[in-house]
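Just so you know, the protein sequences line up as chains P and D, in that order.
Once you know that position 10 of the first sequence is 160 in our numbering, the rest is easy, because the numbers rise by one and skip nothing.
Once you know that position 96 of the second sequence is 698 in our numbering, the rest is easy, because the numbers rise by one and skip nothing.
For the record, the hints were derived by calculation from the structure and aren't laboratory data.
Small disclaimer: the values here were computed from a predicted structure and weren't measured.
Here a beta-carbon is modelled for each residue, glycine too, at the ideal position from N, C-alpha and C.
Be a bit skeptical, because a hint or two may be false.
To be verified - Which stretches of chain D does chain P cover? Using the computed rule of at least three CB atoms under 8 Å from a CB of chain P, they are:
| no. | segment |
| --- | --- |
| 1 | 668-675 |
| 2 | 678-686 |
| 3 | 715-729 |
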Amino acid sequence: MAETYGTRLPRATDGPIQGRLIVIEGADGSGRTTEVARLKEWLEIEGHPVVDTGLRRSRLVGAEIDRAKLGHTLSPTTMSILYAADFADQLENKILPSLLAGSVVLADRYIYTLMARAVVRGASREWARRLYSFALVPHLTIFLDARPEILLHRAIARYGSLDYWESGMDLSISRDRFESFFAFQRLLQAEFDWMAREYGFVRVDADRDPDAVDVEVRAAVARLYARR
Amino acid sequence: MPADRRPPPPGRHGYPGRIIAFEGLDGSGKSTQARLLVKWLGALGYRVFFTEWNSSDLVSDAIRRGKKQNLLTATTFSLLHAADFADRFERQIAPPLRAGYLVVCDRYAYTAFARDAARGCNPRWVRNLYAFAPRPDRVLYFRVPVATSIARKLAAREKINAWEAGMDLGLSENLLESFRLFQTRLKREYDRLAPRDGFVTIRADRGVESVVASVRQQIRPLLAGFPTAEALVHG
């Protein structure tokens, strides 16, 4: 039986979950994507079949979300519900079947990022929690925690500028993108601090280099398997 | 200040306008009644806005794609319609509501409450999803027996689509039979919502004119003290 955050999925295929759901959370520039790739490699060498998944990859609404972001036309509520549709599609058509089949599902971000974004854009925590209450509870959630200053330097090094959405420009905090970026990242950080306690994330200091992060992440995953 | 120049007190949602929602099964006659009410209110001089439960461009492609590729589930179906309604609420319903219009809605969030519950979604989860939608000032529920709903639908030679018939639930291999079973479930959900959400139930399995009279009788109290367009401009 798959455990959810309180709401059962109607007509979901049920059965014993053989696989493990491992979530890596962290802002853009926290080294998340690099770590997901490394962890996948390591898990496969250890002999576990891995299916990777991330946000905004569903066939169902991926195109609609991209279109809406280009036009900047949808309200935060509409966007939050569209993101939830995208997530639900992946959960039902990819994550759950893979777990039932015995794979490790490695999620490059999960509902926590979506909830944090919704709350920062004005939704209540309670509304966001209930919205995602059909999500499966991960076996392990790792939070790559990096300071906004570090995130800024990595973004500039990689792209030469700051992304409109990652800077929270739609919140109209400031017309200055740098100021907006810091304010927005701090708001997200506050949500993640709260969720880390509430949901029991394993926090990894991601201000450090990728090797140091990887060692700590592997240790957390190894503990998960040692518990069986 | 004369009575007609005073701004009307806000509705229970806090907006100066009013929301009048029409709910009921397919073939209950609610769309006909909604149009006739809009005509009547307009003739009385009120500022009226009419909106239907139609999918906008936003999600119609996603829904079509989902149906074709067999990706849609009760949960994603529910979420896509909620996103669509959130978008329509923001764009179409909220502006006239804030501008003090009588907004007549042919179907409202209750359509989703009934359909999603009939598909097995958790009702509390669905209600949370629609927390953005204010409670209407009146919900008129056009109640008909399932047999009447089906007979009217068939008489109009309307094509029954698979989702309307709840074919995804596997109730029956036969489209018409599945439609009947699904409408029965929907009716049960509407009957459950009626007392809980304070619907005004209107017996709709009778002549259109006599239903019109009932509708006007139910709406009249809502108009007391509500300004006409004339009063707003020249009052």
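Against the structure, the hints come out as follows:
1. 668-675: holds (count 5)
2. 678-686: holds (count 5)
3. 715-729: n = 6 at 8 Å, threshold three: holds.
Violated hints for the displayed structure: none, as all numbered hints are satisfied.
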